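Undergrad: Based on these hints, arrange chain B on the given structure of chain A.
2 protein chains.
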Amino acid sequence: MYSMPDWLFEFHGHKCPFVVMGYRLGKQALEKLNAGRTLNHEMFVFSEMGVGHPQGCLQDGIQASTSATFGKGQMHKLFYGKIAAIFYYPGKTPVRIALRNEFSDQLAPHEFFRLRKQGIEPSEIPPDVADDIVNVVLSASDEALFDYQALPDFSFKPVKGSFNKAQCAVCGEYVFERYLRRRDNKLVCIPCSGQEPAEHTIYLPVEERK
Amino acid sequence: MYSMPDWLFEFHGHKCPFVVMGYRLGKQALEKLNAGRTLNHEMFVFSEMGVGHPQGCLQDGIQASTSATFGKGQMHKLFYGKIAAIFYYPGKTPVRIALRNEFSDQLAPHEFFRLRKQGIEPSEIPPDVADDIVNVVLSASDEALFDYQALPDFSFKPVKGSFNKAQCAVCGEYVFERYLRRRDNKLVCIPCSGQEPAEHTIYLPVEERK
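Residue numbers (this note's numbering), protein chains in the order written: chain A, 1 to 210; chain B, 1 to 210.
Looking at chain A on its own, in the form it has when it is part of the complex (with noise of 0.2 Å):
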């Protein structure tokens, strides 16, 4: 049976199946990219989840066995509702890898699913019917629970880093170079500048997923 480390569920704050498939799924990338976790920001994961579905804690999982980490802005979401997520590692073909259908049905009749859908919050879910679903994840082989796909066009350019920043003449706290702007022929940060924030947290054309 597949093992995970002890600390995951402490990191997680409870224990649930997806946080296991998405421990499992990152592993499985790091397999096919011939690839070992990523100490620094050699690896970027593209998450096609989005938000209102709790499938989310599958990300977590991700994070743990690649330490492509939201922190470390190696983890971007796409928004599209689907349990997924595409590895971009420059040099090496992307993969994406999907939960399959079958194994989403599998799991769907399990008492862990009958709780949450009555409110019950996962850490309040029995430890034995949340250990019993995880066994399921767990037991099951990598064939059984994912899809994969070659993105051999799927492309990213990650952001430059810098360390420069300047104090906002405002609040006078430290802002990176990035997001100072400019006001009163000054520099500022930006709730200091009265403009809204222009990035967002996508930075992938979405043709290039058609």
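No lab work stands behind these hints: they were computed from the structure.
A portion of the hints provided could be inaccurate.
Which copy is meant is left open, because identical chains are indistinguishable; a pair holds if it fits in one copy or across any two.
[Stated by the list, open to error] Below, in silico cross-link-like pairs of lysine-lysine (BS3-like), each with a Cα-Cα straight-line distance of 25 Å or less:
| hint | residue 1 | residue 2 |
| --- | --- | --- |
| 1 | LYS160 | LYS15 |
| 2 | LYS160 | LYS117 |
| 3 | LYS157 | LYS117 |
| 4 | LYS92 | LYS27 |
| 5 | LYS27 | LYS15 |
| 6 | LYS27 | LYS117 |
Note that the structure is a prediction, hence the values are computed from the model and not measured.
TA: Below, chain B without anything else, positioned relative to chain A:
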């Protein structure tokens, strides 16, 4: 001296001062809010960081100490380029915690940054250099590290979750209902619809921060 779980650097991928600051910042937020680790979806974090500055590692520390994770939809970016975060917990007064300029200045001349600015990746920094700067962060008092601000007017409404999904009529993959689109009178996913995703990461009205 402050201590952290062993898995923090394994999760993050490398040892750096910012993931440690973030860990402490998250712990401080929980203390100010009189709350424990957020096991489900109780708390939301609005990081003021952006992209293209290496201090983003802070956000992984916050995820690790609070379990307000990206995967669970509890970590959002405001793209202000500041080393600060707002913590929103329904029923409590939101708190903003920022890294003090003085602490940034104290840390700046360290060998760790000299090497980083030469292009040496965090995982390649000599262990004694990384340990030393981490110890500077661990030895500092909360007061030396952080500024606090209550934000009683800050508000946020998380998206209500749903388990409902349908198969895309074109690619056959499952799509959560929020992301289903209509094309030729059939329900399809966003990539198969040819439409751009309508959503972004930022749900927060910016005017509430002024």
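Undergrad: Let me make sure I understand: some of the numbered hints might not hold for this structure. Which ones are they, in numerical order?
TA: Those not satisfied come down to hint 6.
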